[in-house]
Amino acid sequence: MIPAFIFSFIVYGALTPYLSILIRDLGYSPVWVGILLGVFEGAGIAGPFVFGYWADKNGSYRIPLIITTVLPILTVPLVLFVHPVLSVIFLALIAFGFRSTTSLLDAVTTIRLGKTGNYGKIRAAGSISFIALVLLLQWTPFLKPQNSENIAAWVVLTSVAALIPIVLLPRTTPDSSRRAERRSSRQRGPVHLLSVYFLTGFAIIFLCRFAMSVVYSYFPLYLTEELHWDVVGAMFALASAAEVPCMFISGRLLRRFGPLPLLALAAAGISARLLLWACFPGKAVIIGAQLLHSLCFGIYHPAAVNFISTSFPPEKRALGMSVYLALGSGLPSLLGNLLGGALLETMSFRSLFACFSGFTGLALLIYAAWYIPRVLGKKSAEIPRTARG
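Each residue of the sequence shown is one higher than the one before, starting from 11 at the first, in the working numbering.
Where hints are given, some of them may not hold.
Unchecked claim - Quick list of simulated restraints, FRET-style, between CB atoms: (1) V95 x G268: 45 to 51 Å; (2) I174 x V206: 41 to 47 Å; (3) G37 x V206: 45 to 51 Å; (4) G368 x W239: 55 to 61 Å; (5) P383 x H238: 36 to 42 Å; (6) P383 x L146: 49 to 55 Å.
Stated by the list, open to error - In silico lysine-lysine, DSSO-like type, Cα no more than 30 Å apart, as pairs: (7) K67 x K131; (8) K293 x K67; (9) K154 x K293; (10) K326 x K131.
The set of hints was computed from the structure by calculation and includes no laboratory data. Every residue gets a Cβ at the ideal spot worked out from N, C-alpha and C, and that includes glycine.
Between the sequences and the hints, there should be enough to build the whole structure, so can you do that?
See below:
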């Protein structure tokens, strides 16, 4: 699985930091940038469900992964034929595949690893390849990603490279891995999707990703348009480098604390990061705030994957990851991009960052509403009956 993560995430390195720049370079206004980014995220909601259902039904991940890896190549006609309708269609198809790849990789990896495997260590390989690619793009003298044509060229090159390890993946997941996961699920007991526990965790995931939408979509524009600072690739590489150590120790942290406390910690990190950008616009503070990506993603993503993988049985794991990628990531990104584009018409980037920090503040309140009664109830249960009388 490690080569699949490595090559799949170089596609992320070519597209994620530069998508908003690509769309803006096509001549669209900030409102249209927000709309088209919203279309991209909205299509990303449907893709994981379709490909996840296909993979679960057939027990094969390779063919769906091949298709999802090929679809980003449509970036070429997106750049060549600039029209709002065509842009909507091409961005939707690109996102349909691009947003589905990681959900399928996460699903098959967590099934193969089982309960005791360390997903974070494997996922860190993707982060390292992402860092290498964005640093290359930051300082390359060839096809520098400053315009839509060059960005599209890099997306095509990385997508073709990503096909190689995907084609070599096994057709199916071993039955032994699925049986071991089923036994583990029965021992843990089922997690009801309408339970307070699940709704609390999913609400925190949703709000964290909603707040992070401005980081992925509007932070690059803030750097290039307001600060006139050509360091988009370097800033994304720095953030990804900060997340890698946390990915490696995430398994130990999850066994010690569980996913919900770590999700709350990530929410606090996102709030701090956005508020630092909003209140202290200096370059040194911006660089320092990027290190908080260790919490914003290095802790957040393994905790979210663990939360989902322990809530869904192995035979529905691709569906579970689809729920996470679509409703816990795609939908909040869609709404966040639409709201961010609209707000940028009336406020500055710094005000936008401050506004979105409130959503992770709400996530912390939700966690406190779940955690405090639980702690008080536990302490009350520990008091001897005679003492309570």
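Outcome of the hint check:
In this structure the supplied range 45 to 51 Å holds for V95 paired with G268, their Cβ-Cβ distance being about 47 Å. As the Cβ distance of I174 to V206 is approximately 45 Å, the hint placing it in 41 to 47 Å holds. For the pair G37 and V206, the beta carbons lie near 48 Å from each other, so the given range of 45 to 51 Å is met. Here the CB-CB span from G368 to W239 is close to 26 Å, at odds with the stated 55 to 61 Å.
For P383 and H238, the hinted distance range of 36 to 42 Å is not satisfied, since their beta carbons lie about 50 Å from each other. Distance hint check for P383 and L146: the Cβ-Cβ separation is about 50 Å, which falls inside the suggested range of 49 to 55 Å. Annotation: proposed proximity of K67 to K131 holds, straight-line Cα distance about 28 Å (limit 30 Å). This hinted pair does not check out: K293 and K67 have alpha carbons roughly 50 Å apart, beyond 30 Å.
A distance of roughly 23 Å separates the Cα atoms of K154 and K293; the hinted pair therefore holds under the 30 Å criterion. With a C-alpha separation of about 23 Å, the suggested pairing of K326 with K131 holds against the 30 Å cut-off.
When held up to the earlier numbered hints, the structure conflicts with 4, 5, 8 and fits the remainder.
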